[in-house]
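Enquirer: One-letter residues, chain by chain:
4 protein chains.
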Amino acid sequence: MAGNIFGTLFRLTTFGESHGEAIGGVIDGCPAGVEIDLEEIQKEMARRKPGQSSIVTQRKESDTVKILSGIFEGRTTGTPIGFVIENDNQKSKDYSHIKDVYRPSHADYTYDQKYGNRDYRGGGRSSARETACRVAAGAIAKQLLKDIKITAFTSAVGKLKLEKKYSELDFNEIEKNAVRCPDGATAEKMETYIKEIRSQGDTVGGVVECVITNVPAGLGEPVFDKLHAKLGQAMLSINAVKGFEYGSGFEGAEKKGSEHNDLFNEDGSTRTNYSGGIQGGISNGMDIYFKVAFKPVATIMQKQDTINSGGEKVEMQGKGRHDPCVVPRAVPIVEAMAALVLADFYLLNKTSKI
Amino acid sequence: MAGNIFGTLFRLTTFGESHGEAIGGVIDGCPAGVEIDLEEIQKEMARRKPGQSSIVTQRKESDTVKILSGIFEGRTTGTPIGFVIENDNQKSKDYSHIKDVYRPSHADYTYDQKYGNRDYRGGGRSSARETACRVAAGAIAKQLLKDIKITAFTSAVGKLKLEKKYSELDFNEIEKNAVRCPDGATAEKMETYIKEIRSQGDTVGGVVECVITNVPAGLGEPVFDKLHAKLGQAMLSINAVKGFEYGSGFEGAEKKGSEHNDLFNEDGSTRTNYSGGIQGGISNGMDIYFKVAFKPVATIMQKQDTINSGGEKVEMQGKGRHDPCVVPRAVPIVEAMAALVLADFYLLNKTSKI
Amino acid sequence: MAGNIFGTLFRLTTFGESHGEAIGGVIDGCPAGVEIDLEEIQKEMARRKPGQSSIVTQRKESDTVKILSGIFEGRTTGTPIGFVIENDNQKSKDYSHIKDVYRPSHADYTYDQKYGNRDYRGGGRSSARETACRVAAGAIAKQLLKDIKITAFTSAVGKLKLEKKYSELDFNEIEKNAVRCPDGATAEKMETYIKEIRSQGDTVGGVVECVITNVPAGLGEPVFDKLHAKLGQAMLSINAVKGFEYGSGFEGAEKKGSEHNDLFNEDGSTRTNYSGGIQGGISNGMDIYFKVAFKPVATIMQKQDTINSGGEKVEMQGKGRHDPCVVPRAVPIVEAMAALVLADFYLLNKTSKI
Amino acid sequence: MAGNIFGTLFRLTTFGESHGEAIGGVIDGCPAGVEIDLEEIQKEMARRKPGQSSIVTQRKESDTVKILSGIFEGRTTGTPIGFVIENDNQKSKDYSHIKDVYRPSHADYTYDQKYGNRDYRGGGRSSARETACRVAAGAIAKQLLKDIKITAFTSAVGKLKLEKKYSELDFNEIEKNAVRCPDGATAEKMETYIKEIRSQGDTVGGVVECVITNVPAGLGEPVFDKLHAKLGQAMLSINAVKGFEYGSGFEGAEKKGSEHNDLFNEDGSTRTNYSGGIQGGISNGMDIYFKVAFKPVATIMQKQDTINSGGEKVEMQGKGRHDPCVVPRAVPIVEAMAALVLADFYLLNKTSKI
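Residue numbers (my numbering), protein chains in the order written: chain U, 1 to 354; chain V, 1 to 354; chain R, 1 to 354; chain B, 1 to 354.
Treat the hints as calculated values from the structure; they're not laboratory data. Any given hint could be a false lead.
The list treats identical chains as interchangeable, and a pair is accepted whether it falls inside one copy or across any two copies.
The calculated lysine to aspartate or glutamate pairs, modelled on EDC-like cross-linking and capped at a C-alpha distance of 20 Å, are [to be verified]:
(1) K353 <-> E73
(2) K66 <-> E86
(3) K195 <-> E259
(4) K66 <-> E21
(5) K313 <-> D100
Throw the hints in and build the complete structure from the sequences for me.
Expert: Written as structure tokens, this is what we have:
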């Protein structure tokens with residue numbers, strides 16, 4: 001399996017299965033001299049952690065990031081930052097019932113097709129447990145980026161949508177509710193709805209929106225590695241993501257040029273920002289904003305028809321502790337991936353001109 | 001500028017500015033022994049070419065792909081395939097009026113910010129002229145992929161949308177109209193609308209849909225290089241693209257797990273295909289389908305306020321021959337990028353298991 | 001610090017400092033289905049381990065490789081293989097005397113120049129401790145390569161040279177002596193010499209030769225990634241290496257074409273093998289052989305003048321337990337790096353033709 | 001064929017066969033703002049060109065580098081620099097006699113083994129003609145590096161060796177003789193010897209030495225991408241190279257630590273320079289120097305036994321115009337590859353610390 005390395009200069013490699021001994025990662029290319037606050041890393045981990053509220057999975061994971069190298073006396077040394085996160089929740093027997101069964105809309109079937117075998121314990125490598133490593137690495141990337149502020153939040157749960165624009169919202173509200181929606185009233189509705197869905201043994205999808213402010217102009221490498229193209233890859237690489245749009249997005253496709261063009265102010269800023277802070281694949285200094293669509297979690301607590309690896313029909317029912325809606329816990333993952341993309345482009349941009 | 005190389009094993013590097021002497025590219029990693037029909041390449045070029053119909057730009061480019069290496073006696077030799085496409089349309093003086101002016105929603109400002117200078121002749125590297133190289137390379141990738149069939153078409157122009165599902169459409173209709181919409185009646189409306197928009201000196205956005213059939217299971221490299229994540233990057237790297245969704249997409253985010261899960265048939269196929277042919281980042285053998293949103297072309301034939309490189313207000317108006325809607329010509333580009341992604345994963349997959 | 005990732009398809013990333021908590025690595029791209037014998041890995045580690053004989057450093061390291069992912073029920077799963085090796089020998093205080101001192105011919109000065117700070121505990125990242133990770137990964141690569149046999153041995157210690165050609169030697173002798181020289185009489189002289197050098201508080205260089213048999217034709221990727229070019233990089237990346245030659249090497253430069261050309265037998269093998277099993281950067285099926293020159297270990301137990309980070313003259317003397325000659329322990333490292341190179345080309349070659 | 005891309009940030013991709021229409025390349029990642037003197041590029045080409053003196057091949061190639069993109073108004077723009085060099089010498093019929101014959105010590109056999117087919121016209125991709133692209137790209141890299149001075153010269157032809165150290169030589173002498181040896185008397189002997197060898201229809205090997213001065217400390221990326229490791233790969237990737245050593249090289253392996261260590265002066269420079277300007281893979285500011293061994297050219301004007309692609313014995317004799325000794329023309333190629341390596345590390349080093 002290639003594809004476990006992300007980035008050109010700020011490169012994250014991750015490893016680990018959901019029910020192996022540990023997961024972990026290595027960042028190669030973080031510059032020397034970055035002050036690292038380890039508590040900040042742990043804080044981000046807590047935002048992604050199972051069991052953090054009543055509307056997420058109640059699995060127990062301490063998610064302690066143990067840094068093994070690359071940081072010395074509080075600063076990065078320029079050498080690779082290796083880290084591991086132990087899997088506390090290694091109950092392999094829980095998963096024997098799915099050993100030979102292909103769970104619908106999971107990766108069981110495709111892994112078997114591709115690799116000829118798979119670690120059937122709880123999704124193995126295809127489990128979203130891997131994203132814990134991204135959050136750890138993203139927390140380091142954020143400390144490199146310093147003044148660039150990345151803020152994600154829940155903008156939809158099923159058909160319940162946050163109708164306000166991000167500029168009308170108070171981002172301080174985000175962490176005040178379990179859904180991570182910056183509008184209290186909407187958050188409440190979403191929370192109620194998630195609980196209702198869970199009580200049905202069902203799950204629901206949703207949308208995360210992300211806003212990045214204080215971005216210097218110049219980040220992004222056209223042609224193939226446009227800033228939004230790598231953001232797109234980054235977001236689509238998160239488990240359960242089905243779509244990505246930035247700036248005016250799919251709505252922009254309905255517009256005319258005369259209404260969509262962002263006219264300049266004299267200082268180079270623009271009056272409107274349909275461009276989403278990116279023109280020609282390069283940041284222009286305006287806010288970057290984008291949306292990420294998540295499908296409903298595939299594991300539901302209802303009986304489903306499926307097949308086993310022999311191609312025989314079987315009936316199965318989800319067991320264990322799963323998220324009814326992945327979106328609240330996805331918020332820090334979206335931020336982490338955005339941070340990894342920006343850190344990479346931030347370094348690349350140091351070599352754009354003499 | 002890094003970012004001009006795409007792919008891991010089937011790697012395309014492109015070069016060239018819209019008004020330089022030529023553009024071109026190199027494919028490194030195409031296996032030996034692939035029979036190449038040069039006419040097929042030229043056919044794809046013709047689908048992207050300016051001047052092909054009354055609703056696209058009337059610029060003249062012969063867009064002849066001259067292959068310089070890597071193909072011998074009708075077959076690839078395994079060595080890099082270098083090619084050039086001359087720019088017939090090199091009228092640099094046409095562009096002197098924009099030398100110091102930042103066109104709204106173009107990349108003029110961001111290139112200057114990033115590189116400190118730029119080739120101001122008609123967009124230079126940021127021009128969609130570069131996509132001609134992608135189409136040429138994609139035509140070669142298609143010949144490697146052989147049985148895998150990639151079909152893109154126009155599914156929306158502005159607010160005019162093709163309401164049918166792709167399974168209800170006759171793909172043979174696509175190339176029968178200038179808009180490349182497989183539904184004749186809708187195509188007619190779209191064409192009329194584009195002409196109307198053009199007569200206003202305006203432009204309009206749209207959506208391209210793409211369907212890939214006959215894909216073997218196993219393509220895609222989780223974790224970061226999921227099949228849909230690289231498709232997403234590929235599509236978002238096309239000029240003017242604002243969004244990407246595959247399978248159920250943004251609508252999938254509104255659904256419940258119980259309605260969204262794709263239940264298996266005994267042969268491993270699925271009854272529904274909300275997954276869009278991809279599970280856990282790996283193809284499962286079902287059709288892959290996705291949508292790509294394009295913003296309206298930024299160059300409009302109306303007066304617009306803007307600034308020059310000195311930060312002074314100026315008024316400008318688009319000149320020359322531009323597309324009122326990019327979508328009809330984007331159809332082969334979307335296909336080409338899909339082919340490049342699949343060719344790469346096709347080769348990578350040969351190393352997935354012993 | 002970039003440069004901690006090696007390989008294109010079979011990719012090893014390593015991390016860790018000599019006196020941090022642990023070192024480790026990740027292999028991304030090992031195909032699924034490779035049977036892994038964990039004892040084989042540990043056996044290779046034992047060949048590199050400190051304290052293995054009287055002529056190597058007496059430091060204590062258990063060098064137990066703990067595999068965290070990627071292997072399930074005795075086989076690789078295609079997912080990344082993460083592993084850690086704990087540093088038992090973490091006595092940081094031992095190194096306080098070199099905190100501000102630049103040891104001659106070490107990397108202290110250059111790391112400070114490059115990174116602005118460094119982990120001064122025992123060489124940190126620049127320590128050859130890192131090569132333990134290469135040996136672990138190489139042991140896995142060897143199991144992928146199966147029938148390809150890689151054998152390295154000591155061919156010179158200082159001016160004491162093994163005069164026989166590799167074809168005259170019995171490789172079974174290699175592991176029978178502490179020097180790893182396949183000629184008993186020469187081995188004895190070398191061992192005596194190393195002890196003498198050590199008793200002087202001095203160190204000495206040497207040469208490792210490596211022979212690879214049973215290589216299929218076709219491995220190697222011209223132009224820049226010729227098989228011998230990547231072997232060269234791999235070997236030169238090992239600590240203390242100063243030179244690399246393959247086939248006829250530097251002696252070949254003295255020869256005439258008429259005496260150097262390898263004439264073919266009818267089966268495609270060659271009568272002579274000055275080419276060293278590689279022609280045009282691609283293996284031809286004959287034995288690959290090469291030599292690697294190691295400089296004397298820089299840490300000597302004699303007083304030396306040097307400077308501190310303030311640029312002041314100071315006198316220093318090596319402390320602790322160091323190798324008087326690195327070559328016996330380098331033998332498995334050379335093999336490991338060769339295995340990593342071959343594993344990568346073995347996978348790449350699966351995509352060379354349709 | 002992968003392996004046609006070199007470098008991480010300053011990336012050269014080359015393409016083209018010796019007897020195709022043209023060869024060429026693309027540099028992706030050259031920063032914007034570098035002043036480019038096109039005559040300097042052509043000057044370097046002239047140093048590598050066939051027909052430049054009486055001791056090299058008398059083939060005719062104008063070797064004009066045509067730059068197609070990336071340079072505008074005398075400066076790089078940051079976009080990829082595409083260039084082509086036409087093959088004037090396309091006489092395919094000259095090569096029909098080797099269509100089915102495997103020339104000894106050439107790449108004919110291995111290409112057929114690897115790719116299943118090959119362009120048999122004069123070596124195709126395996127021809128040293130490809131190095132013309134490296135020289136063109138290297139000439140651009142040199143202009144980026146500016147103050148760093150790279151000087152290569154012939155230090156041996158067959159057994160005739162330049163006995164002086166580089167510090168005793170006058171580099172201004174190098175271009176004054178056809179052999180490119182900075183010692184007039186030795187150059188004369190070498191020239192006479194090459195002519196003698198040629199009159200026998202034979203060829204001879206040799207050694208190029210290279211010295212790089214004015215290198216800032218800090219270039220090189222440990223662990224795998226040590227400065228000397230990438231220099232080694234770069235040199236070994238040149239056609240006919242059999243060995244590489246830097247600093248004390250193979251002789252260093254004979255030395256004791258007490259005689260080999262480079263003691264510091266108070267300014268960080270060292271009294272001796274056995275390290276060859278590189279410690280721990282990173283430049284320390286001292287001169288970098290290394291040697292590169294070239295085998296004798298495989299094409300000789302004598303009858304040789306060989307086999308054809310059917311495995312039958314045949315007799316063949318070289319035809320056409322070939323170099324009796326590759327070393328004089330290899331001098332600028334060695335410099336070009338060194339420039340490419342340094343340009344890459346120069347850019348990478350901009351991201352080593354904050």
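Enquirer: Indicate, hint by hint, whether the structure satisfies it.
Expert: Structure-based check of all given hints:
no., hint, in the structure
1, K353 <-> E73, "between (33 Å within a copy, 16 Å between copies)"
2, K66 <-> E86, "both (9 Å within a copy, 13 Å between copies)"
3, K195 <-> E259, "between (41 Å within a copy, 18 Å between copies)"
4, K66 <-> E21, "both (14 Å within a copy, 10 Å between copies)"
5, K313 <-> D100, "within (12 Å within a copy, 57 Å between copies)"
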